[in-house]
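S.K.: Numbering-wise (the working numbering), the sequence shown opens with residue 752 and increments by one.
It is worth saying that the hints were derived from the structure and are not from the lab. These figures come from a predicted structure and were not determined experimentally. Glycine is no exception: its CB is placed at the ideal position from the N, C-alpha and C atoms. Don't take each hint at face value.
Unchecked claim - Lysine-lysine pairs mimicking BS3-like chemistry, simulated, CA-CA at most 27 Å apart:
{"hint": "1", "residue 1": "K1080", "residue 2": "K1046"}
{"hint": "2", "residue 1": "K1086", "residue 2": "K1046"}
{"hint": "3", "residue 1": "K839", "residue 2": "K828"}
{"hint": "4", "residue 1": "K1086", "residue 2": "K839"}
{"hint": "5", "residue 1": "K1086", "residue 2": "K828"}
{"hint": "6", "residue 1": "K828", "residue 2": "K1080"}
Unchecked claim - Here are the in silico distance ranges between beta carbons for each label pair:
{"hint": "7", "residue 1": "Q1035", "residue 2": "D1138", "range": "27 to 33 Å"}
{"hint": "8", "residue 1": "P834", "residue 2": "P1017", "range": "33 to 39 Å"}
{"hint": "9", "residue 1": "Q757", "residue 2": "H1060", "range": "42 to 48 Å"}
{"hint": "10", "residue 1": "H1023", "residue 2": "G786", "range": "39 to 45 Å"}
{"hint": "11", "residue 1": "R1045", "residue 2": "A815", "range": "37 to 43 Å"}
{"hint": "12", "residue 1": "F787", "residue 2": "S1097", "range": "42 to 48 Å"}
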Amino acid sequence: MAHYRQIGQVPPKRHTQFRRPDGGLYAEELMGEEGFSSDSSLLYHRGIPSALVDVRPWELPDQATTPNSPLVPRHLKLHDLFPGEEHKATDAVTGRRLVLGNADVRISYAVSSVASPLYRNGTGDECVFVERGTATVETVFGVLSVGPGDYVILPRATTHRWLPAGEEPLRTYVIEANSHIAPPKRYLSRYGQLLEHAPYCERDLRGPVEPFTVEGGDVEVYVKHRGDGPGGLAGSIHVVPEHPFDVVGWDGCLYPYVFNVADFEPITGRVHQPPPVHQVFEGQNFVVCNFVPRKVDYHPLAVPVPYYHSNVDSDEVMFYVDGDYEARKGSGIGKGSISLHPGGHSHGPQPGATERSLGVEFFDELAVMVDTFRPLALGEAGAAVDDGRYAWSWSGRGPATS
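Between the sequences and the hints, there should be enough to build the whole structure, so can you do that?
M.R.: Structure below.
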């Protein structure tokens, strides 16, 4: 993250002796990106963070994908994935189901009500959007409280676990990178401060506020890492002699944080603004945008809904979270839906939506969009909840009637 934080006890000078009350040394761990050449934090452990006493394989949730061929736009109904009471035996890590993926990013969905195991993603950062429910996210850096509309940014190799809270099941939409996830570079100064034209600033970000330490031994940590399985991934379970939440203090610019979508300040204009004005984060070969409730175009002849456009360089994935999405009326899309508009196919408003939008001054909609710059394939979950009809919604005709 761009700005420096200090939590708990740290020595006045880095890489110098820092002793426990019993006289022994705390173990200093540098957690840093891009070797030693980018953001990092120093964590001070009571135990040795590298220690292992056992290891065994972890069979990951199904990571296999199927190409979107023949090429069609798709409507995926995520709320059909966890029927009945499945959430009561599901956690937010091992219960994830893969919806879409490519070599840069994987999009998964989970509905959960039980605590996850301790988990560490060794392949990339995670951006977890909380659709519904509340939870505590315990991390090696401290604790985060999260709820509806929160983006939770978890840097690569952050050991953490999810503990759902309250009566409502926790619904999480997971954007998992093979890279880092950060604010767009155009929002940042040369030194990393969020600039005046950015739609959010550091005041909007919530990070850990104090250390979180737990006693215990022979603790399991589920680790996702590179391997020879589907998607180039594999899983391992590390058994560590001391609980990994043994950090008495840390400082630096790399740590998990939370940003709520309600704190995103939309950029509007006299005529329709293109999707980049809605961008919130970026990773390697993909971007994350959000469409929030907002006043819309005020030119007297403005057309508020998007014009038809061809994604010649990207696949567009829209997750419809809340509100009434004007451009998709009549398509069957509603809350909990995903639309996939693949590169190579023009898309835009449903028939009649353009005319209905004329004179509209406010859009009451909430959606999370991921644009990828390599084609996306369907995961097992995406294939399971494809409505099979969306591609024909502009013409009103399908293969059976043509």
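S.K.: For each hint, tell me whether it holds in the structure or not.
M.R.: Hint-by-hint comparison with the structure:
no., hint, verdict
1, K1080 to K1046, "holds (19 Å)"
2, K1086 to K1046, "holds (21 Å)"
3, K839 to K828, "holds (20 Å)"
4, K1086 to K839, "holds (22 Å)"
5, K1086 to K828, "holds (9 Å)"
6, K828 to K1080, "holds (15 Å)"
7, Q1035 to D1138: 27 to 33 Å, "holds (31 Å)"
8, P834 to P1017: 33 to 39 Å, "holds (35 Å)"
9, Q757 to H1060: 42 to 48 Å, "holds (46 Å)"
10, H1023 to G786: 39 to 45 Å, "holds (43 Å)"
11, R1045 to A815: 37 to 43 Å, "holds (39 Å)"
12, F787 to S1097: 42 to 48 Å, "holds (46 Å)"
Consistency note: the structure conflicts with none of the earlier hints.
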